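Read off the chains here:
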Amino acid sequence: MDLLDDLVTLLPELILVALVLVIITVDLFLPRAEKWLLTPLTVAGLILAGAACFVVWDINETVYSGFYVVDDLSVFLKGATILTGILSALFAPAYLLVRRIPLGEFNMILVSALLGMCVLASSSDMITVFLGLELMTMPSYLLTGLHKTDRYSNEGALKYFLLGSFASAIVLFGVAWTYGLTGTTSVAGIASALDGEMSAGILVAMGFLTVGATFKIAAVPFHYWTPDAYQGAPTPITGFLSVGPKLGAFALLIRVFAEALEPLRADWLVIFLVLTVLTMTVGNVVALTQVNLKRMLAYSSIAHTGYIMAGLAAFANATDPGVAAQGIEAVLFYILGYAVMNIAAFAVVGMLQRDTTRFGGLNSFAGLATRAPWRAAAMAVLMLSLTGIPPTVGFFAKLYILLASVDAGLAWLAVIIVLNAALAAFYYLRVIVYMYMRDPEPEPAPIDTSPFGSVALALSVAGVIALGIFPGAVLRFLEESAASLF
Amino acid sequence: MDGFPLLSAIVFSPVIGALILLFVPGTNHRAVRWIALGAVLVSFALSLLLLGYDPAGSEFQFREDLPWIDAFGIRYTLGVDGLSVVLVMLTTLLSVVAIVYSWEPIQTKVKAYYATMLLLMVGMLGVFVALDLFLFYVFWEVSLFPMYFVIGIWGGPQRIYATVKFVLYTLVGSLLMLVAILAVVIAHAASGNSLTFSYEALRGFAYTDSLQALAFVAFFLAFAIKVPMWPLHTWLPDAHVEAPTAGSIILAGVLLKLGGYGFLRYNLPLLPDAAISFAPIIIGLAVIAIIYGGLVAMVQPDLKKLVAYSSVSHMGFVMLGTFVFNEQGLQGAIYQMISHGITTGALFLLVGVIYEQTHDRQIAHMGGLNARVPRYAAMFGLFTFASIGLPGLSGFVGEFLVILGAFRYNGLVAAAAMVVVIISAVYMLWMFQRVFFSVPSDWMRKWWPSLRDMNRTEWIALAPLAVLAVVLGVYPGPVLDMISVPVDRIIEAVNGAGLTGVGPLW
Chain A
0 MDLLDDLVTL LPELILVALV LVIITVDLFL PRAEKWLLTP LTVAGLILAG AACFVVWDIN
60 ETVYSGFYVV DDLSVFLKGA TILTGILSAL FAPAYLLVRR IPLGEFNMIL VSALLGMCVL
120 ASSSDMITVF LGLELMTMPS YLLTGLHKTD RYSNEGALKY FLLGSFASAI VLFGVAWTYG
180 LTGTTSVAGI ASALDGEMSA GILVAMGFLT VGATFKIAAV PFHYWTPDAY QGAPTPITGF
240 LSVGPKLGAF ALLIRVFAEA LEPLRADWLV IFLVLTVLTM TVGNVVALTQ VNLKRMLAYS
300 SIAHTGYIMA GLAAFANATD PGVAAQGIEA VLFYILGYAV MNIAAFAVVG MLQRDTTRFG
360 GLNSFAGLAT RAPWRAAAMA VLMLSLTGIP PTVGFFAKLY ILLASVDAGL AWLAVIIVLN
420 AALAAFYYLR VIVYMYMRDP EPEPAPIDTS PFGSVALALS VAGVIALGIF PGAVLRFLEE
480 SAASLF
Chain B
0 MDGFPLLSAI VFSPVIGALI LLFVPGTNHR AVRWIALGAV LVSFALSLLL LGYDPAGSEF
60 QFREDLPWID AFGIRYTLGV DGLSVVLVML TTLLSVVAIV YSWEPIQTKV KAYYATMLLL
120 MVGMLGVFVA LDLFLFYVFW EVSLFPMYFV IGIWGGPQRI YATVKFVLYT LVGSLLMLVA
180 ILAVVIAHAA SGNSLTFSYE ALRGFAYTDS LQALAFVAFF LAFAIKVPMW PLHTWLPDAH
240 VEAPTAGSII LAGVLLKLGG YGFLRYNLPL LPDAAISFAP IIIGLAVIAI IYGGLVAMVQ
300 PDLKKLVAYS SVSHMGFVML GTFVFNEQGL QGAIYQMISH GITTGALFLL VGVIYEQTHD
360 RQIAHMGGLN ARVPRYAAMF GLFTFASIGL PGLSGFVGEF LVILGAFRYN GLVAAAAMVV
420 VIISAVYMLW MFQRVFFSVP SDWMRKWWPS LRDMNRTEWI ALAPLAVLAV VLGVYPGPVL
480 DMISVPVDRI IEAVNGAGLT GVGPLW
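So the protein lines, in turn, are chains A and B. Just so you know, numbering that gives the first Met the number 0 puts 267 at position 268 of the first sequence, and the rest follows in order with no gaps. Just so you know, numbering that gives the first Met the number 0 puts 180 at position 181 of the second sequence, and the rest follows in order with no gaps.
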């Protein structure tokens, strides 16, 4: 296989790289009044990259001396990544422009982060894992602090950066330790060097990897950076941060834990079970008391992390490969559904922050149903979907996780998940109460009605409902994706 | 009619109505109301075609079966037996009543109101005809959220508290049921069967004792909260008091029946061993509910709360009849559900008539209404007696059969349940006397000149219920014929050969 053939397998990544360069260049020549053109440009590029995913589907090859793998799992994750990118690029401009945050920088940094996530999804070597991780998180720090004149944005970015670098260092240390024990950095090599025998050294390595990785997905007790970073970041960017880096981090978890450390899955299962239960419960309980919607959604995103981790726990606890695959499929489906609904939910919060002095308080949603019936209806659907009510994608995603858990013999975990879902219903429904059952404020917040955001919102909601009723459309892709792990 | 998807048409014609409503300007209240009425009338008319159901057939009829989510073995399967038929017809009828009654009381956000009511009907009808557990669960949740909006938007002053309580209670139960559904489905698949959510396939499978016990508890919670069964009933009085009248009619008339239906359709046939083991406990709870509901109803100062607590008592009869596992008890339970839907729906409607005029429901504030609004008093009297269970009216048949069934189970239980016949006479008649015959209160005198008797819309809404209350009271045959085969099948499932219960529970 020569270099050129290998390059074809990188088509989505190459398009993203080209897109970054194009955005930088075009941004230089666009007059201020026409900067909005960057959005359709970025979206077009991302759609192209998404189309490229179909080209590399079903290739299933390891390229570049085993450093990079293009299997269906990675391609699925890349597709989901690019989807989050498209939605974010569409939702952001209105919010950024009224705050005079440069659109060109945003788009370019966003695409860089997407590139990092794609690399992470495809990494078959610990070095590539780390490379992808950094390529994803560095732009994320920048995005958080993109609103340079806002001190909350600065604070969030600083916290995210300091704690994030710390976590990256811990991951790196874990990688180094693993290398010391197994003599290889290749994912497959580690898996074959570990014969399922536990030792103190492996425990240390696993500990470091777990702490670093769960920091990135914001699992309790490594979640403290999340609410501040999420609240400080510009709202549509928060939407991206709450799913994008999380998607990448779960790609990392799958690569490291479900592949490299697969022989030890009975050992890390215990840690994961504890973290899963803690994460969803703490996230939900704290979210109950939030009156700022950005903070509420930030804590609720921690809870969703817990649900997704339950899928990995199901993978680890399964004795039958079919059931284990189901756990991974559940994780993938949940990430996809969650990405769409959460980005859209944050976007609606952002739409109500057209007035730059608004911070996304629950009060700004009061009486929204009479002021903006379509946006209120969209938000209601998103909230029901986040709660997990049929017929929405959130329901089917939760069902998938529950099915995988019960199938893997973790019925008690399923019960904890549904009790948490009921808890979450309380604060998600509170948004609906404000929108539909309360009168508007005396001076209601102005609402952004720019076309990009409206189209993206309509598409997201349509997707949330359509995937909820006909999830079969993506199930085939999921099965093939999960199959590439076995 | 071969090949015509009758059940889908019944279930989804309200959706079509709701979709049409999207394109009607919200300010044109008249058009909105007529479209909504048209949609439910279509649904009702189509449901009359279900009378072509063959009561002797032992399988589900009018079946529809389409693939849906193949990877999970989920199918779009609909079908009815006699039990579903009568409940579907009750639902479509009460939907018409609710839509007609809302004609005048609902004047704000009219379009949204009717669209929500129509969606609510889809959920309820779907629950009664779904034969796939996944589909059933979807409809179950779809029936929950429209009611949340109806109470929360068009309800009384404490509506937000009431509706959040309602939805959280119900959600906890139904989510646990979801886990139980999955557990049952997976247990069935684990023994070599293909993964399926089909009710007909899952029924009659021998699940292990521990699974049965746990799944039974989860199903029980979901349905018992909906029924609602003492001590899980506390959301009901709040929800009723705050709900708009039409919401109360649907809530009492149909939503509570979803719980009763769930027991009959899922708990008993799917998990018969657990049902046998848990029966004594549930019968105990049912007897408590019957007496407790009656006693609490007696002291309610609020007319609507009184009717709400009487529902707790009446639905206790349904639970009692269900869990004595004999023909009389089960037939009585189903009959009681139908009768309760009609009489309580009508009573809520009648309470609404006076409430619309005075915006007050305190019994102490009323009095002497018989002199001012005699026709209203007469109708109220009719349904009061039907609710008490006076022979010749619908309430009697159900209660009588349940008590008969209870006697075959245990004389003491029956005797305890009998007491409530007296209690219910006390609270209903005492209420009736205070509202219609005693001296009008000073408060009521203020309204005296402006009080009107029932108007045309109210008559139209009430008339079918009044006719049914009498007809079902004197001629229960057709309904009992309809439900006799399903009842036999349930008894067969529960008393099937070799069933001994899931063993000692503790």
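I should point out that these hints are in silico values taken from the structure, not numbers from a laboratory. Keep in mind the model is a prediction, meaning the values are calculated, not measured. Be a bit skeptical, because a hint or two may be false.
Cβ pair distances, simulated, as ranges [claimed, not checked]:
no.: 1; chain 1: A; residue 1: Glu60; chain 2: B; residue 2: Phe22; range: 50 to 56 angstroms
no.: 2; chain 1: B; residue 1: Ala377; chain 2: A; residue 2: Thr448; range: 53 to 59 angstroms
no.: 3; chain 1: A; residue 1: Asp266; chain 2: B; residue 2: Tyr75; range: 39 to 45 angstroms
no.: 4; chain 1: A; residue 1: Leu36; chain 2: B; residue 2: Phe3; range: 50 to 56 angstroms
no.: 5; chain 1: A; residue 1: Ala376; chain 2: B; residue 2: Ala377; range: 30 to 36 angstroms
no.: 6; chain 1: A; residue 1: Thr369; chain 2: B; residue 2: Phe3; range: 16 to 22 angstroms
no.: 7; chain 1: A; residue 1: Val25; chain 2: B; residue 2: Leu18; range: 40 to 46 angstroms
no.: 8; chain 1: A; residue 1: Phe53; chain 2: B; residue 2: Pro230; range: 53 to 59 angstroms
no.: 9; chain 1: A; residue 1: Phe53; chain 2: B; residue 2: Phe3; range: 46 to 52 angstroms
no.: 10; chain 1: B; residue 1: Phe22; chain 2: A; residue 2: Arg353; range: 27 to 33 angstroms
no.: 11; chain 1: B; residue 1: Gly25; chain 2: A; residue 2: Asn153; range: 58 to 64 angstroms
To list a few chain A residues with every Cβ distance to chain B over 12 angstroms, as calculated [what the hints assert, rightly or not]:
no.: 12; residue: Val42
no.: 13; residue: Ala43
no.: 14; residue: Val417
no.: 15; residue: Gly471
Don't be surprised by glycine CBs; every beta carbon is placed ideally from N, CA and C.
Just tell me: holds or violated, for the beta carbon distance of Leu36 of chain A and Phe3 of chain B against 50 to 56 angstroms? holds, 54 angstroms
Is the distance from the Cβ of Glu60 of chain A to the Cβ of Phe22 of chain B consistent with 50 to 56 angstroms? Holds: the Cβ-Cβ distance is about 52 angstroms, inside 50 to 56 angstroms.
Between Gly25 of chain B and Asn153 of chain A, does the beta-carbon spacing fit 58 to 64 angstroms? Given range 58 to 64 angstroms: violated, Cβ gap about 46 angstroms.
Hey, does Ala43 of chain A actually stay past 12 angstroms from chain B on C-beta? Ala43 of chain A is indeed farther than 12 angstroms from all Cβ atoms of chain B, at 32 angstroms.
Claimed clearance of chain B by Gly471 of chain A, with the beta carbon kept past 12 angstroms: At about 5 angstroms from chain B, Gly471 of chain A fails to clear the 12 angstroms cut-off, so the statement is violated.
Given as non-interface: Val42 of chain A, partner chain B, CB spacing beyond 12 angstroms: It holds; Val42 of chain A is separated from chain B by about 29 angstroms at its closest Cβ, greater than 12 angstroms.
Check the following: the C-beta atoms of Val25 of chain A and Leu18 of chain B are separated by a distance inside 40 to 46 angstroms. holds, 43 angstroms
Verify the CB-CB distance for Asp266 of chain A and Tyr75 of chain B against the hinted window 39 to 45 angstroms. holds, 43 angstroms
Note whether the CB distance of Phe53 of chain A and Pro230 of chain B lies within 53 to 59 angstroms or breaks it. holds, 57 angstroms
Take the C-beta atom of Ala376 of chain A and the C-beta atom of Ala377 of chain B, compute their distance, and say whether it sits inside 30 to 36 angstroms. Distance hint for Ala376 of chain A, Ala377 of chain B is violated at roughly 45 angstroms.
Range hint compliance [Cβ, Ala377 of chain B to Thr448 of chain A, 53 to 59 angstroms]: Hint holds: Cβ distance 56 angstroms, inside 53 to 59 angstroms.
Holds or violated: 46 to 52 angstroms for the Cβ distance of Phe53 of chain A and Phe3 of chain B? Given a distance of about 41 angstroms, which is not inside 46 to 52 angstroms, the answer is violated.
Violated hints, listed in ascending order, are 5, 6, 9, 11, 14 and 15; each of the other numbered hints is respected by the structure.
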